[in-house]
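One line per chain: the protein sequences are A and B, in this order.
Numbered by the UniProt record's numbering, the letters in the first sequence go through residues 1 to 557 in order.
Numbered by the UniProt record's numbering, the letters in the second sequence go through residues 1 to 549 in order.
Because the hints were derived from the structure by calculation, they are not lab data.
Watch out, some of these pointers could steer you wrong.
[Unchecked claim] DSSO-like, lysine-lysine: derived pairs with alpha carbons at most 30 angstroms apart:
| no. | chain 1 | residue 1 | chain 2 | residue 2 |
| --- | --- | --- | --- | --- |
| 1 | B | Lys506 | A | Lys527 |
| 2 | B | Lys60 | B | Lys266 |
| 3 | B | Lys523 | A | Lys469 |
| 4 | B | Lys60 | A | Lys527 |
| 5 | B | Lys266 | A | Lys498 |
[Unchecked claim] Some but not every residue of chain B turned toward chain A, in silico, with C-beta under 7 angstroms:
| no. | residue |
| --- | --- |
| 6 | Ser297 |
| 7 | Glu300 |
| 8 | Lys309 |
| 9 | Pro488 |
| 10 | Gln489 |
| 11 | Ala511 |
| 12 | Leu536 |
All C-beta atoms, glycine included, are put in the ideal place defined by N, C-alpha and C.
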Amino acid sequence: MEHIITPKVEYVKLLNTYPEKKSALGTLYLTATHLIYVEQTNNNARTETWVLHHHILSVEKLPLTASGCPLLIRCKTFQLLHLLFQRERDCQDVFQSLLRLSQPVKEEELYAFLYNPHQNEEDRRQGWEFISVANDFSRMGLSNEYWEISHLNKNYEICSTYPSILGLPKNASVAVVTGSAKFRSRGRLPVLSYYHKDTKAALCRCSQPLSGLTSRCVEDEQMLQAISQANSNCPFIYVVDTRPKLNAMANRAAGKGYENEDNYSNIRFQFQGIENIHIMRNSLQKLLEVCSMKSPSMSDYLTGLENSGWLRHIKSVMDAGVFLAKAVCDERVSVLVHCSDGWDRTAQVCSLACILLDPYYRTIKGLMVLIEKEWISFGHKFSHRCGHLDTDPKEVSPVFTQFLECVWQLSEQFPCVFEFNERYLIEIHNQVYACQYGNFIGKTARTHTHKHTCMLHEKTFSLWPYLLKNQHLYRNPLYRRSLESTVLRPSTLPLHFKFWCGMYNHYDRGMHPKQSVLDQLLSLTQKQVEGERTMTELQRVSGFVEVLSVWRGIRLI
Amino acid sequence: MEFAELIKTPRVDGVVLHRPFMPTVEGTLCLTGHHLILSSRQDNTEELWLLHANIDSIEKRFVGSLGTIIVKCKDLRVIQLDIPGMEECLNIASSIEALSTLDSVSLMYPFFYRPLFEVIEDGWQLFVPEEAFKDLESMTDEWRLSEVNKDFSVCPSYPSLLTVPKDIDDESLCKAASFRHGGRFPVLSYYHKKNGMVMMRAAQPLTGTNGRRCKEDEKLINATLCAGKRGYIIDTRTIAVAQQAKARGGGFEQEANYPQWRRIHKAIERSNVLQESLIKLVESCNDQSHSMDRWLSKLEASNWQSNVKEILTTACLAAQCIDREGASVLVHGTEGTDSTLQVTSLAQIILDPSCRTIRGFEALIEREWLQAGHPFQQRCAQSAYSNGKPRSEAPVFLLFLDCVWQILRQFPCSFQFNENFLIMLFEHTYASQFSTFLGNSVAERVKLLLSQKTVSLWSWVNRPQELERFLNPLYEPNNLVIWPSVAPQSLQLWEGVFLRWNRSTKCLDEAYQEMVHIIEYNKELQNKVNSLRRQLAQLETEDSPLQTP
Numbered sequence: 001m002e003h004i005i006t007p008k009v010e011y012v013k014l015l016n017t018y019p020e021k022k023s024a025l026g027t028l029y030l031t032a033t034h035l036i037y038v039e040q041t042n043n044n045a046r047t048e049t050w051v052l053h054h055h056i057l058s059v060e061k062l063p064l065t066a067s068g069c070p071l072l073i074r075c076k077t078f079q080l081l082h083l084l085f086q087r088e089r090d091c092q093d094v095f096q097s098l099l100r101l102s103q104p105v106k107e108e109e110l111y112a113f114l115y116n117p118h119q120n121e122e123d124r125r126q127g128w129e130f131i132s133v134a135n136d137f138s139r140m141g142l143s144n145e146y147w148e149i150s151h152l153n154k155n156y157e158i159c160s161t162y163p164s165i166l167g168l169p170k171n172a173s174v175a176v177v178t179g180s181a182k183f184r185s186r187g188r189l190p191v192l193s194y195y196h197k198d199t200k201a202a203l204c205r206c207s208q209p210l211s212g213l214t215s216r217c218v219e220d221e222q223m224l225q226a227i228s229q230a231n232s233n234c235p236f237i238y239v240v241d242t243r244p245k246l247n248a249m250a251n252r253a254a255g256k257g258y259e260n261e262d263n264y265s266n267i268r269f270q271f272q273g274i275e276n277i278h279i280m281r282n283s284l285q286k287l288l289e290v291c292s293m294k295s296p297s298m299s300d301y302l303t304g305l306e307n308s309g310w311l312r313h314i315k316s317v318m319d320a321g322v323f324l325a326k327a328v329c330d331e332r333v334s335v336l337v338h339c340s341d342g343w344d345r346t347a348q349v350c351s352l353a354c355i356l357l358d359p360y361y362r363t364i365k366g367l368m369v370l371i372e373k374e375w376i377s378f379g380h381k382f383s384h385r386c387g388h389l390d391t392d393p394k395e396v397s398p399v400f401t402q403f404l405e406c407v408w409q410l411s412e413q414f415p416c417v418f419e420f421n422e423r424y425l426i427e428i429h430n431q432v433y434a435c436q437y438g439n440f441i442g443k444t445a446r447t448h449t450h451k452h453t454c455m456l457h458e459k460t461f462s463l464w465p466y467l468l469k470n471q472h473l474y475r476n477p478l479y480r481r482s483l484e485s486t487v488l489r490p491s492t493l494p495l496h497f498k499f500w501c502g503m504y505n506h507y508d509r510g511m512h513p514k515q516s517v518l519d520q521l522l523s524l525t526q527k528q529v530e531g532e533r534t535m536t537e538l539q540r541v542s543g544f545v546e547v548l549s550v551w552r553g554i555r556l557i
Numbered sequence: 001m002e003f004a005e006l007i008k009t010p011r012v013d014g015v016v017l018h019r020p021f022m023p024t025v026e027g028t029l030c031l032t033g034h035h036l037i038l039s040s041r042q043d044n045t046e047e048l049w050l051l052h053a054n055i056d057s058i059e060k061r062f063v064g065s066l067g068t069i070i071v072k073c074k075d076l077r078v079i080q081l082d083i084p085g086m087e088e089c090l091n092i093a094s095s096i097e098a099l100s101t102l103d104s105v106s107l108m109y110p111f112f113y114r115p116l117f118e119v120i121e122d123g124w125q126l127f128v129p130e131e132a133f134k135d136l137e138s139m140t141d142e143w144r145l146s147e148v149n150k151d152f153s154v155c156p157s158y159p160s161l162l163t164v165p166k167d168i169d170d171e172s173l174c175k176a177a178s179f180r181h182g183g184r185f186p187v188l189s190y191y192h193k194k195n196g197m198v199m200m201r202a203a204q205p206l207t208g209t210n211g212r213r214c215k216e217d218e219k220l221i222n223a224t225l226c227a228g229k230r231g232y233i234i235d236t237r238t239i240a241v242a243q244q245a246k247a248r249g250g251g252f253e254q255e256a257n258y259p260q261w262r263r264i265h266k267a268i269e270r271s272n273v274l275q276e277s278l279i280k281l282v283e284s285c286n287d288q289s290h291s292m293d294r295w296l297s298k299l300e301a302s303n304w305q306s307n308v309k310e311i312l313t314t315a316c317l318a319a320q321c322i323d324r325e326g327a328s329v330l331v332h333g334t335e336g337t338d339s340t341l342q343v344t345s346l347a348q349i350i351l352d353p354s355c356r357t358i359r360g361f362e363a364l365i366e367r368e369w370l371q372a373g374h375p376f377q378q379r380c381a382q383s384a385y386s387n388g389k390p391r392s393e394a395p396v397f398l399l400f401l402d403c404v405w406q407i408l409r410q411f412p413c414s415f416q417f418n419e420n421f422l423i424m425l426f427e428h429t430y431a432s433q434f435s436t437f438l439g440n441s442v443a444e445r446v447k448l449l450l451s452q453k454t455v456s457l458w459s460w461v462n463r464p465q466e467l468e469r470f471l472n473p474l475y476e477p478n479n480l481v482i483w484p485s486v487a488p489q490s491l492q493l494w495e496g497v498f499l500r501w502n503r504s505t506k507c508l509d510e511a512y513q514e515m516v517h518i519i520e521y522n523k524e525l526q527n528k529v530n531s532l533r534r535q536l537a538q539l540e541t542e543d544s545p546l547q548t549p
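Chain A on its own, in the form it takes in the complex (with noise of 0.2 angstroms):
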């Protein structure tokens, strides 16, 4: 509370972006986790915005109009707030408190510690065991004939950002998974992502191997070749690096880089071209210029689109997915995937994969296992990419985003086999940003120890709980369990891509269709339920009656 200088401001105006109609006025109100405008409307209704100070991304003062100081706040969520403040003060004061709320320091001052969704402590602890990464490894069939749920990372100490149990080939030993850790970057060793019961191959995931221009490592080669044996369909394993050529061979420099195919026996190696965190912001950054464009031609916008690069990135995450679960699922070829450090590209690809290749992953639920397993589990580092805390910008990136996006992708293309719809997906991404519970905190290199891991279920709640009791809000209606069991083959074609408009410009609800059909439906499905439970009743209402008058006739007899 210390940083709010002024708590209340009246006469503010919010002004409309799109469409351009009369800007409405209204009160500011500041309070410790949240910014709050109250519009006045003549016929006395209210109606609020609430913004998460953790959901701002930026603050800025623009110069003095004649009609007043402007402000503008463009959010992580991709809304896009221009306040005009009558007095210049206010302006000031509101930037300064803001510029402090929506960048905290330390990671107590994150809204998760402070929030408490009336659950009591037995609610707060089962909801943190809900989702098991165990369950679904023995879902995959885990352990069987070749592959093993391994507790040698029970302590974090083999690799500190990975989970404590790592799926691995049952005939590689420890000294070979020891030593393999040792010639990846950051421990982070070559384990199981996915195991594919039908064809018995696996998807893989690590970090780049430290083979500099000319180190090798015998039990790092002796780990693929125990991935690559534990498939007997096939003798040979892909070794998938995500990054584009130039970005892995400079790693080489540095005494990284990437696998020599005469080194590891039956390997195939291939680059796939995702390109790095940097680039990847700075192409979102060109993206919502182009949103936020003040009424932009066609030309304007379709330009712009180009040239931010964005659907050209998620195009080249989305063809590495679709290789990976086309090996696994077609060719029966198991597959071995990393980028640098293995908790971004490789998070992204391998998530991807699973999607394509398992039908479990497009459900409600098992998304949340997806997100629990291949980006919390395996440490993407949500605090940076997201900027929880106010720490290097640089390390800020939309990798998750760019996740999200494909699966949106994925269900333009293919309507009836996801089990929730595009809501769900946006108020995923809205929550990891907002820090509200604790699941997406602190996921940083050095903190994934079980001592922190303890605080936070202590001191925070998981969102998942509260994500599957809305869960009505987020069904897909059309979703299909008879389809359930198909491996999904997307189109790549660029024509085949979309801009997610539900997404970048969420906030400008004139650009979206005035009817929903999926409101429509959600509201029949609703009133199906009802329908069918007033049939159950009326038929056992109709059926006593009826005896009833049976009876009654026999006794006028």
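We have chain A already, so just place chain B on it with the hints.
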């Protein structure tokens, strides 16, 4: 008959048909006067029946003695036929070329087509101007139906009956006609019941370089204004283009002569530019390259989406003037047969809920396109794959349908018809067994005796068994004006037409079926619940005299 001379080889066996996303079919290829038919003689595979009129262009290729013909259709489909034997292939190719480019209208398929269904409701009688006028009369008495053009001599592209202000006599109409391009003097297009404002359309005034004026023209359009009110003239051309038109005898309304009118210029492209845009768009949609930048830059360069945006924006402007500003509007471009009609018909879809029903939409097409003299035959002679130099071909109507689709996408519950209805109309404008879109004007259609010799599209479409496919299950009539968003983010490429043959529609079809299923099931359930309630109520009343034991 004469077609026989053009068919050098009527039949070839062992022909293989390749279509994207469909299994290949091997069978016998037959050429008839109007169709290319491929039949596998197996029960379970679909036959191909293709109207020659639907063929836009063909390409031949040879590998040894195996010939291949790539057939590119006006509905944008591309199919491949592998034909054994070089001579057969050449014969087939030259026959298709000859049969698909017949110039004489009377040789077109509609004159040979005999319906296999009983015509219950004759489409030719469905939308007569007298009926539309009766509706108007019930709302206002300011207008009359003029027969000044009954022999099409005043304006060859207008119908014989025209709605004009009551106080303007036929003589004045003739004078106004001589002041407008092609004799297209201002006539009523739409009457907005809510506030009594009107939309009129015309062709450009023939002011020329020396600023000609015409008192009758001025009087005619002023007659539509309420006392003290101003109206808007929407010129679909930019001011620069309108200025240039002066040199060729055309021009625009001078403020001095039309003081009660405010003129607004928009920038809808002329028809030859639109054809170029379509060709580029279709070319980029067929590009199999995996470069995203290439796709986006080609999409942008085609300008198709820009055209959609500009047309919709102009239509919204016209609708806004009428509904929000409470002003009357006159719309024209150069000839008044293309961009003008796009704007007036779309404005009506925005303003008038009845245009969003199937009948209402058919009536709109009949009124604002067919009777208003859009030259369908010239515009739809060739489509995006044509090799020939374009004469007057242009996807003017297709752009209108695209804009309707954009509005439908934004208001999915406000239309009685679905996307398939629009796609069907697109197909029939380019090639059809029905003659509705033959000819360039009412006068030409009368001369061709279409209503006696051929079948109307509406006679077929409006049969309940056909209509079913075109009904929008989400439709809930609403009486509101619907304002579409014209932000670039809100306008999408019409995949149903442009990517129709470039993608597998299996998943999308399933989604549509599922949606229909949910809606149907719900209706059924509600009906069951209601009937059970009634039964129960009945049982209870029958029982009521009895005392509960």
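- Query: If you check each hint against the structure, which ones fail?
  - Reply: 2 and 4
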